[in-house]
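As you go down the protein sequences, you meet chains P and B in turn.
Okay, so the first sequence: first residue is 0 according to numbering that gives the first Met the number 0, each after it adds one.
Okay, so the second sequence: first residue is 0 according to numbering that gives the first Met the number 0, each after it adds one.
Hints should not be assumed to be uniformly reliable.
[Said to hold, decoys possible] Beyond 12 Å from chain P on every Cβ pair, some chain B residues (computed): (1) I29; (2) G41; (3) A215; (4) E223; (5) V231; (6) L301; (7) V326.
[Unchecked claim] Here are the simulated distance ranges between beta carbons: (8) B:A18 with P:T1: 52 to 60 Å; (9) B:P87 with P:Q63: 38 to 46 Å; (10) B:I317 with P:S13: 21 to 29 Å; (11) P:G140 with B:P306: 30 to 38 Å; (12) B:S324 with P:L250: 37 to 45 Å; (13) B:S211 with P:Q63: 47 to 55 Å; (14) P:S64 with B:L203: 34 to 42 Å; (15) P:A55 with B:I137: 47 to 55 Å; (16) P:A67 with B:L203: 35 to 43 Å; (17) B:I317 with P:A55: 18 to 26 Å; (18) P:E244 with B:S211: 52 to 60 Å; (19) P:G167 with B:P8: 51 to 59 Å; (20) B:V153 with P:S13: 56 to 64 Å; (21) B:A154 with P:A67: 35 to 43 Å.
[Said to hold, decoys possible] Which bits of chain P does chain B cover? Going by a derived footprint, with three or more residues having C-beta under 8 Å, they are: (22) 1 to 14; (23) 37 to 50; (24) 87 to 94.
To be clear, the hints were calculated from the coordinates, so they are not data collected in a lab.
All figures in this text were calculated on a predicted structure; none of them were measured in a lab.
Glycine residues also receive a C-beta, built at the ideal position from the N, C-alpha and C atoms.
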Amino acid sequence: MTIEARNLSIAFGSKTVLQDVDLDLRPGECLGLIGPNGAGKTTLLRILAGLARPAAGTLRYDGQSAAALGRPALARRIAYLAQGGEAAWPLSVEAVVGLGRLPHRRPLAGAKPDDAAAIMRALQVCDVADLTDRTLGTLSGGEQRRVLLARALAVEAPYLLADEPLAGLDPLHQLEVMELLRRTARRGAGVVVVLHDLTLAARFCDRLALLDHGSLIAAGTPAEVLDDTQLAAVFGITALRGSHEGEPFLLPWRAAPDGTDDDER
Amino acid sequence: MKAAALRTPPLLVALLVLAMLAVFALSVAIGYASLDLGTAFGDLLAGRPTLPALVLWELRLPRAMLGALVGFSLGLSGAALQGLLRNPLAEPGVIGVSSAAAFGAVLTFYSGLSASFALALPLGGIAGAILATLLLFILLGRGAGTATLILAGVALNSFAGAATALALNLAPNPYAALEIVFWLMGSLADRSLNHVLLALPLMLVGWGLLLSTAPALDALTLGEDTAASLGVDLAWLRARLIGGTALAVGSAVAVAGAIGFVGLVVPHLLRPLVGNRPGRLLLVSGFGGAILVLLADTALRLAPIRPELKLGVVTALIGAPFLFSLVDRMRREAR
């Protein structure tokens, strides 16, 4: 039960976006995808979700290719939380979260009782059950994020891929969403989350994958991936390290002195 | 929370169907010749070819049926395209098929073919719609995005518009030009059962394609990536919407000419009643469109204005104030 990516490569025009990326996602783990802007994180996540096709490389979901699984089976296997979250129409929260049950519906059939139960579970887990009759547009940014996350959780898929779920959230809601993602992983799902906040990535993710200029620079535990050399080489920063309540923490502190920001490469 | 909440509200659909049947009956009852409907139906069912039966069978019923069919097609396609383009200002004309159908029909006027047999005009319209749809599919290829679709629609619209203007420009005599202009305004007058039989099968296929997109359109509310991750095949969705609109609206234009605003206004009015869900809006917009077109066509026959107002003119006259009120509402909401 894993997602296995081998030698994934893709280019948009002459620009190489991903180059020979290998990545494994196991059930029960929360994998953070980190890297500077333009490193290829979103593209990699979209490929893992089956939304974009790599130009080269192989991708296996529990041993099967996306084509062998077929679109509906893939949709039941992978929940994808897109960046942003503009809804074209002011749907009710209940309707938005209900969309997560679409992969489980047969053509022309209505909702089943277990759909309603799954929707209720997702609403409760994300603490938005009291908002069901509100429309997305009337909610605060944090509430909207949690509703969209509930939509993804309502799929009840073995894998959850989330693209920058913390964008625009205040600290409390950032912590809550990360806690939620970690709990989702603890319940047995494989979770991939694209993050910019290295402190939260180090604290909440079981493993990190560091991308830069389309290549996988490092993958492993947060301590292995976020060492001083890597931080300076990839992000061009130094970090403050310490421990609090028995847990190590990392805090981006200042630009690295020798300015190894390698955007010119 | 009930599972039924995920389906189209049956009460709303039932009410709309009842309203449609009522205006259908009204449309059959009202006409220029006074008609004893009881006698007419009696004679018709008994197979007696009396004048009342003929008026009912040859004039009243085809007109009301076409009104309902054309209105349903316009309302349904408008709602479907608004859902696809995620834009409340989309209407059935955006993909260019209706102007191409109009041009196809105009060509039969221009060539004199329309005078030679009765169905030449709608057949020309349908040919125009089919050619435009093929062109659209070739232009878009597989996997082209929504912006490409809008651009291709703009290109088709301007080409068909220019070609129609050219036909007017080169019209052999003022009478021919006038005939074209009047036809373009849209009307249900003097249509026969043959028009119904020509349009109905095409429309039914079109409606089926459009209605099948309901769950995908709901999913599209949250963007193309989210919809695709929920199992929606975007290329197949676009193909069904383009094909369905082309069949439904192409044949509507072919039998009735260009009738604007129905596909824009009806989804707008009904959207709040279905919780803004684009999938649920499809069927109710179809019935709403049928009601609006039947009402407009009945009103223009009741109005003491002769020659009879053109249907497209009436729907535009109703539609424009609605758009003004929309501008006003948006301005107030923006404050």
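Structure-based check of all given hints:
1. Listed as outside the interface, B:I29 is consistent with that label: its C-beta sits roughly 38 Å from the nearest C-beta of chain P, beyond the 12 Å cut-off.
2. Every CB of chain P is more than 12 Å from the CB of B:G41 (nearest about 41 Å), matching its label as outside the interface.
3. Distance check for B:A215 against chain P: the nearest CB is about 8 Å away, which does not clear 12 Å, and the non-interface claim fails.
4. The beta carbon of B:E223 sits about 9 Å from the closest Cβ of chain P, which is not more than 12 Å, so the claim that it is off the interface is violated.
5. Non-interface status of B:V231 relative to chain P is broken: a Cβ of that chain comes within 12 Å, the nearest being about 8 Å off.
6. The Cβ of B:L301 sits about 37 Å from the closest Cβ of chain P, beyond the 12 Å cut-off, so the non-interface label holds.
7. Every Cβ of chain P is farther than 12 Å from the Cβ of B:V326; the closest lies at roughly 19 Å, confirming the non-interface assignment.
8. Remark: the range hint 52 to 60 Å for B:A18 to P:T1 is upheld by a beta-carbon distance near 56 Å.
9. For the hinted restraint 38 to 46 Å between B:P87 and P:Q63, the CB-CB distance of approximately 41 Å keeps it satisfied.
10. As the Cβ distance of B:I317 to P:S13 is approximately 54 Å, the hint placing it in 21 to 29 Å is violated.
11. Range check, P:G140 to B:P306: about 59 Å between beta-carbon atoms, so the 30 to 38 Å window is missed.
12. Checking the proposed 37 to 45 Å range against B:S324 and P:L250 shows it is violated: the Cβ atoms sit about 55 Å from each other.
13. Here the CB-CB span from B:S211 to P:Q63 is close to 28 Å, at odds with the stated 47 to 55 Å.
14. For the pair P:S64 and B:L203, the beta carbons lie near 39 Å from each other, so the given range of 34 to 42 Å is met.
15. At about 30 Å, the CB distance of P:A55 to B:I137 disagrees with the hint of 47 to 55 Å.
16. For the pair P:A67 and B:L203, the beta carbons lie near 36 Å from each other, so the given range of 35 to 43 Å is met.
17. The supplied range of 18 to 26 Å is broken by B:I317 and P:A55, whose beta-carbon atoms lie about 58 Å from each other.
18. Restraint check, P:E244 to B:S211: a C-beta distance of roughly 55 Å satisfies the suggested window 52 to 60 Å.
19. A C-beta distance of roughly 34 Å is found between P:G167 and B:P8, which places it outside the suggested range of 51 to 59 Å.
20. At about 30 Å, the CB distance of B:V153 to P:S13 disagrees with the hint of 56 to 64 Å.
21. Checked against the hint of 35 to 43 Å, the pair B:A154 and P:A67 passes, with Cβ atoms roughly 39 Å apart.
22. Coverage of the stretch 1 to 14 of chain P by chain B is violated in this model, with 0 residues showing a Cβ closer than 8 Å to a Cβ of that chain against a need of three.
23. Here the stretch 37 to 50 of chain P counts 4 residues with a CB under 8 Å from a CB of chain B, which clears the bar of 3, and the coverage holds.
24. With 7 residues bearing a CB less than 8 Å from a CB of chain B, the stretch 87 to 94 of chain P meets the requirement of three and the coverage assertion stands.
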